[in-house]
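Please put together the full structure from these sequences, using the hints given.
The chain contents come next:
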Amino acid sequence: MHSAVAISCNQGMTRIVLADRVEGEPRLLRTVAVPGRDVETGLAFAEERFGRRLLAEERPIRPRGLLGDGADAWIAVGSPASVPLLAVLAIAPDPLLTDLAKRAAEAAMVETHWIEATQVASLTALVQQLVELRPRFLLLTGGSDESAWQSAIVAVSNALGDAFDLEVGIVIAPEAIQQLVAKTIGDQVELMGVDPTTSQPAEVVRAVTSEFRSRVATLLSAELKALELDRFVDRATALERALAFLVRRADQRVALVDLEQGMLGIWARSEGMLTLYRAGRDLEQGALGLAALGPETIARWLPFPMTEEDILDWLANRVMTASPFLFEWRDQLIATAAVRALVQDLASAGPPSGMREDLTLVVLGPRLAWLSAELALLCALDGFAPLPAGGLVSVALDEADLLATCGALAEIDPGYAATLLERDALFPLAHVIVVAGDAMEGAIAVRGEVRAGDLVHRFAVPWGSLHVLPFPSGRSAELLVEPEAGIRIGSLEPGVAIEFAGEAALGWTRLGIVIDARGRPLRLPDDPPVRARRIRSWLADLGVAEGVMR
Amino acid sequence: MSALGRLPLVAQDVECLVRHRLAAPELRVAVGQLVEPETILAMAADGLPRSARIALAAELGVPPADAARYLVRALGERVEAGEVVAVRRRGLRSQEVTSPIAGRLATLDAETGLLTVVTDPPRRAVPALVAGEVRSVADDAVTIRAIGDLLLGASLLGRESAGPLIVLADRPDRELPAEEFDERCRGAIVLAGMTVSSAALRRLHDVGAAGVIVGGLSTHALEPFWGSTTPTRLQRALVDPSADWPFPFGVLMLEGFGRLPVPEPAFDFLAERTGRWVALLSSASLGLDRPACFVSSRGLQGQPLQPIELVPGAVVHLRLPARPGLGRLVSVPFVARQPDSLAFRAVWVERDGNREIVPVDLVDPVAADA
Numbered sequence: 188m189h190s191a192v193a194i195s196c197n198q199g200m201t202r203i204v205l206a207d208r209v210e211g212e213p214r215l216l217r218t219v220a221v222p223g224r225d226v227e228t229g230l231a232f233a234e235e236r237f238g239r240r241l242l243a244e245e246r247p248i249r250p251r252g253l254l255g256d257g258a259d260a261w262i263a264v265g266s267p268a269s270v271p272l273l274a275v276l277a278i279a280p281d282p283l284l285t286d287l288a289k290r291a292a293e294a295a296m297v298e299t300h301w302i303e304a305t306q307v308a309s310l311t312a313l314v315q316q317l318v319e320l321r322p323r324f325l326l327l328t329g330g331s332d333e334s335a336w337q338s339a340i341v342a343v344s345n346a347l348g349d350a351f352d353l354e355v356g357i358v359i360a361p362e363a364i365q366q367l368v369a370k371t372i373g374d375q376v377e378l379m380g381v382d383p384t385t386s387q388p389a390e391v392v393r394a395v396t397s398e399f400r401s402r403v404a405t406l407l408s409a410e411l412k413a414l415e416l417d418r419f420v421d422r423a424t425a426l427e428r429a430l431a432f433l434v435r436r437a438d439q440r441v442a443l444v445d446l447e448q449g450m451l452g453i454w455a456r457s458e459g460m461l462t463l464y465r466a467g468r469d470l471e472q473g474a475l476g477l478a479a480l481g482p483e484t485i486a487r488w489l490p491f492p493m494t495e496e497d498i499l500d501w502l503a504n505r506v507m508t509a510s511p512f513l514f515e516w517r518d519q520l521i522a523t524a525a526v527r528a529l530v531q532d533l534a535s536a537g538p539p540s541g542m543r544e545d546l547t548l549v550v551l552g553p554r555l556a557w558l559s560a561e562l563a564l565l566c567a568l569d570g571f572a573p574l575p576a577g578g579l580v581s582v583a584l585d586e587a588d589l590l591a592t593c594g595a596l597a598e599i600d601p602g603y604a605a606t607l608l609e610r611d612a613l614f615p616l617a618h619v620i621v622v623a624g625d626a627m628e629g630a631i632a633v634r635g636e637v638r639a640g641d642l643v644h645r646f647a648v649p650w651g652s653l654h655v656l657p658f659p660s661g662r663s664a665e666l667l668v669e670p671e672a673g674i675r676i677g678s679l680e681p682g683v684a685i686e687f688a689g690e691a692a693l694g695w696t697r698l699g700i701v702i703d704a705r706g707r708p709l710r711l712p713d714d715p716p717v718r719a720r721r722i723r724s725w726l727a728d729l730g731v732a733e734g735v736m737r
Numbered sequence: 002m003s004a005l006g007r008l009p010l011v012a013q014d015v016e017c018l019v020r021h022r023l024a025a026p027e028l029r030v031a032v033g034q035l036v037e038p039e040t041i042l043a044m045a046a047d048g049l050p051r052s053a054r055i056a057l058a059a060e061l062g063v064p065p066a067d068a069a070r071y072l073v074r075a076l077g078e079r080v081e082a083g084e085v086v087a088v089r090r091r092g093l094r095s096q097e098v099t100s101p102i103a104g105r106l107a108t109l110d111a112e113t114g115l116l117t118v119v120t121d122p123p124r125r126a127v128p129a130l131v132a133g134e135v136r137s138v139a140d141d142a143v144t145i146r147a148i149g150d151l152l153l154g155a156s157l158l159g160r161e162s163a164g165p166l167i168v169l170a171d172r173p174d175r176e177l178p179a180e181e182f183d184e185r186c187r188g189a190i191v192l193a194g195m196t197v198s199s200a201a202l203r204r205l206h207d208v209g210a211a212g213v214i215v216g217g218l219s220t221h222a223l224e225p226f227w228g229s230t231t232p233t234r235l236q237r238a239l240v241d242p243s244a245d246w247p248f249p250f251g252v253l254m255l256e257g258f259g260r261l262p263v264p265e266p267a268f269d270f271l272a273e274r275t276g277r278w279v280a281l282l283s284s285a286s287l288g289l290d291r292p293a294c295f296v297s298s299r300g301l302q303g304q305p306l307q308p309i310e311l312v313p314g315a316v317v318h319l320r321l322p323a324r325p326g327l328g329r330l331v332s333v334p335f336v337a338r339q340p341d342s343l344a345f346r347a348v349w350v351e352r353d354g355n356r357e358i359v360p361v362d363l364v365d366p367v368a369a370d371a
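Chains G and E supply the protein sequences, listed in that same order.
Note that the first sequence covers residues 188 to 737 in our numbering.
Note that the second sequence covers residues 2 to 371 in our numbering.
A hint or two may mislead.
[What the hints assert, rightly or not] Covered by chain G, per the in silico footprint, the following chain E stretches (three or more residues, Cβ under 8 Å):
1) 21-32
2) 188-202
3) 220-233
4) 302-315
5) 343-349
Quick caveat, the hints were computed from the structure, so don't treat them as lab data.
All residues carry an ideal CB built from backbone N, CA and C; glycine is no exception.
Pasting the structure below:
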């Protein structure tokens, strides 16, 4: 394969990515993003920007022409315009099965609505609830209490009558129950089943999630049917595949946050992967969903006072305008505060503490690449609060949406996708040395030296602050960091120094090396004015001008 | 370079087609008929019929075919929410099934044992809201050709309405105390100023205002009416005009959420039309991407509502929620790339001595004449 075009289709943004071989190697040539879900405008801008014809008579040109027009592979990655609704009906209480259903639903990029059958007053109320919800997908789960299932299935059957267009129902239950469900509603809806007594929990979760994701991809393909693309891949699957590659290739312990349509968080390491999706929580049409976090959780990350009322108004304006633009510094600061609160909330439902913070790489999705670099870094550091075992965590931006692109392209040509991902996917934002332990505010926490070529810079970083060590573009840097007594670097023993030299020297990043000497867990003062001053001082540490923090 | 145009913030003597969507209408007008804002177009259902399905056989534990024997109300009868519709005696106990909603017992399916209760939505008289000529009548809509002056808004919360305009605020950035909203507001569209508090909203409700125009509305003002569900319900109201809204009148926000002054050209436009009959119309009724305030005129000929070319020197209103206001164009539209990969149509605008790039979608030319 010589070239590929990927259309990344999300709620508030459409991206066209063009990859082609340069000196034989697959490389990113260009990417174009347009506001809104607008493939037509995106392709028109892309043709203008790339200087290549992509379409002929509104169809993709394939294969790639001699002059570079068209592409050999055309793929779409993303989500349908509206996130499908999944109703999970928990029928007979079983904590294990409930947990399986929860994990499967959370990873599926659907909007989930839970119904505990035992909590519903009557069958009629259950029927009514289903009719009013009109879910596209249904997940039935429960133990082997047949009488409980009998009643619930009758309710589902009654709701199905002519009320809504249910696409698929999945049953997580023993085989006998699956047969019962099939007998009752099998002629009304397409059913699938998985038996938790004969499958491993992870297999159950994977099977259910995969089925819902494939349905999501089918909905996307139905929307873009006219384009006759080669492949349609749901965003979560594509991102997971790309992260799995990073983990395999470099033994990374990665966390990713993606805000393209709702919020998606993925934690990946060699031991496994955890994906969590929250529909209706983002910075555009889902902005008012952030109110569920409590406006005060957003306000606490702001460098200026802002009432809860003003925060709600800001969120409502984001929904009303539904624009991706954040031109004003004030808007960027509020968005950064909201993202930190969102990521914290998601992380609290993520992997167990310890694993959650032990990260070597934090990846920020393309939407966060539009924040200033300093603010994007704070989203990563304050949201995930990484505490890497080895002391170093890198923060990278997926500016061009290449993780999803490569994850999707891998279905057609894994080698091509792997090379593209390695070469161009992540833009390095910062290497961060995380300092933990306990010390007096302002006391020196670590000292060290950074060497980039002939340049040698010695530094000392006080406890409670951030410190940036920039180094010249195109150079690598050697770093030595020595903690004071009682201070740890990452999860190393107190007082143990770290050094990155020779082959371990650190590569260039946009912001350079950042020493995060604020400790873990990150503590914010309770007093609002003191807290705002603290946030301002951290922003100033990163080089943000005092004048924009109002 | 592009000669891309945008609809003006205000336009005079323009011709609009106002399309009233109707549910199950009994029409009162015909094509070609001249209508006044208060002319009733039809009696129509106020919302969609709602139904509830009662799993009667399953609830009673009887075969579906037997379920009818246990009904205590006949099909076709009206029942209230919570009223018993079926009873089965089991020894000394009675098992009762109640209706979850008020409505009419519509059907009982002998194969499933499912009883359906249907709520017929109340019917209401649908006024024309604007003066004009009925251009088309269909099963689900009446379209009126209207001539008048138009002011674009940002969002209309609640239902469409019409009435004589009263301007209570004396300047665009004034917020009036609730006491100012008195009997003068009854049946009127009220220009309330910068914003209205929850007390003012309650007062406007009490005196029977027909509609309200403000610069901005704070979400906080809605909390006494929606409580902790305010964000969720507001989200619904923003994307679905038929979603529930705590007032019988609509609120047209000219800028957005928050304490935002009325744009000066809009304030002047409305002040000049005090006493005239105005309508608050949704984007769907006008076929535009935004709602508007429409002031019917008696003219017979109007200009089509057309985009105005964005040319350097033109005064524009900027719909930036953080910093709305007026500016002057210093460029024609171009494809901006900020950051490099993003492509969007934008213009350079100068205001307060500074130049900034603004997406074309957030720019309204200010024009006195269409």
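(message) Tell me the hint numbers this structure goes against, listed in increasing order.
(response) Of the numbered hints given earlier, those the structure breaks are 1, 2 and 4, listed in rising order.
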